[in-house]
Amino acid sequence: MSKFHYYGGLEGGATQSKFVLYRSDGQILAWSKGECTNQWGLSMSGADEEESQKQLIAQIKSQYGGDCEEVYIASGIVLIAGTGSNCQLINPDNTSKRCGGWGHLLGDEGSAYWITQLALKTLFDHDDNLNICPNSVEKVRDIMKDYFKISDKVGMLDHMYSKFDKSNVAGMCKHLAKGFLEVLTAERPGRRIREVTLQRLKQAASVGAASLGARAVGFKLPLDYSANAEIFFHGKM
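In this text, residue positions in the sequence shown follow this note's numbering: the first is 621, and each later residue adds one.
Read the hints as simulated data drawn from the structure, not as lab findings.
Take these hints with a grain of salt, some might be off.
[What the hints assert, rightly or not] Each computed DSS-like pair below joins lysine-lysine, with the alpha-carbon atoms no more than 30 Å apart:
1. Lys-623 x Lys-653
2. Lys-717 x Lys-765
3. Lys-856 x Lys-840
4. Lys-786 x Lys-674
5. Lys-840 x Lys-786
6. Lys-773 x Lys-822
7. Lys-717 x Lys-759
8. Lys-759 x Lys-741
9. Lys-653 x Lys-783
10. Lys-794 x Lys-856
[Unchecked claim] Per label pair, the in silico range of CB-to-CB distance:
11. Ala-678 x Arg-718: 31 to 37 Å
12. Glu-802 x Ser-652: 25 to 31 Å
13. Leu-641 x Arg-812: 27 to 33 Å
14. Arg-835 x Ala-678: 18 to 24 Å
15. Asp-745 x Phe-853: 45 to 51 Å
16. Asn-749 x Leu-777: 17 to 23 Å
17. Thr-742 x Asn-788: 17 to 23 Å
18. Leu-641 x Leu-801: 18 to 24 Å
19. Phe-853 x Phe-784: 30 to 36 Å
This one's a predicted model, so the numbers in the text were calculated from it and none came from an experiment.
Don't be surprised by glycine CBs; every beta carbon is placed ideally from N, CA and C.
Let the hints inform the model, and build the full structure from the sequences given.
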């Protein structure tokens, strides 16, 4: 019989899912990536309600009982800021607080989709003289045209309506971030931001899920938390 125990963690979302398998000595044995798991109810949209958790646990044990001894969902604080966004806190006494997780029509503040939609809305409102932006919107216009392969704003109608794909729209956020750095580092009068440090996550939320699952059965995984993020930009303007 093996002297090790094994703990898995799953991160699900609107764009993709990631699973990690840990050995009890902290060694990662396997990673896998797949399609979104929102439709399963799996750092996981919709899985913060008690009834949803019970149903999900029962389904996993029923279909995959031979692959796991225990199934654990949530506990602690989880902040998701990917295609969508959600923040959930579950205290040791099982009281909970939630902020967000209402989808792109009612919430998702701080998510990639929300940032992209806000940038596009700012551009459209500026051009329509509904809400004049005090700063130039031309960088957003250029990014929009290049990312969606369109010649003008009319081309956005297909992407936002008849051929709407939330993950695809959210993908523009990465290009907005690059544009932000270009504008930020350019010489210009009246600069208000003097110093910026940006970090990139190196670990998926599934690592935290594995850790929480291990704690639920009385074991603390030996994880190197300093490896969770790295600084990819630091500049004094």
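Okay, the hints, checked on the actual structure:
{"no.": "1", "hint": "Lys-623 x Lys-653", "result": "holds, 28 Å"}
{"no.": "2", "hint": "Lys-717 x Lys-765", "result": "violated, 40 Å"}
{"no.": "3", "hint": "Lys-856 x Lys-840", "result": "violated, 40 Å"}
{"no.": "4", "hint": "Lys-786 x Lys-674", "result": "holds, 29 Å"}
{"no.": "5", "hint": "Lys-840 x Lys-786", "result": "violated, 37 Å"}
{"no.": "6", "hint": "Lys-773 x Lys-822", "result": "violated, 35 Å"}
{"no.": "7", "hint": "Lys-717 x Lys-759", "result": "violated, 38 Å"}
{"no.": "8", "hint": "Lys-759 x Lys-741", "result": "holds, 14 Å"}
{"no.": "9", "hint": "Lys-653 x Lys-783", "result": "holds, 26 Å"}
{"no.": "10", "hint": "Lys-794 x Lys-856", "result": "holds, 22 Å"}
{"no.": "11", "hint": "Ala-678 x Arg-718: 31 to 37 Å", "result": "violated, 23 Å"}
{"no.": "12", "hint": "Glu-802 x Ser-652: 25 to 31 Å", "result": "violated, 35 Å"}
{"no.": "13", "hint": "Leu-641 x Arg-812: 27 to 33 Å", "result": "violated, 47 Å"}
{"no.": "14", "hint": "Arg-835 x Ala-678: 18 to 24 Å", "result": "holds, 22 Å"}
{"no.": "15", "hint": "Asp-745 x Phe-853: 45 to 51 Å", "result": "violated, 29 Å"}
{"no.": "16", "hint": "Asn-749 x Leu-777: 17 to 23 Å", "result": "holds, 20 Å"}
{"no.": "17", "hint": "Thr-742 x Asn-788: 17 to 23 Å", "result": "holds, 20 Å"}
{"no.": "18", "hint": "Leu-641 x Leu-801: 18 to 24 Å", "result": "violated, 36 Å"}
{"no.": "19", "hint": "Phe-853 x Phe-784: 30 to 36 Å", "result": "holds, 32 Å"}
The structure fails to meet hints 2, 3, 5, 6, 7, 11, 12, 13, 15, 18 from the earlier list, while all remaining hints are met.
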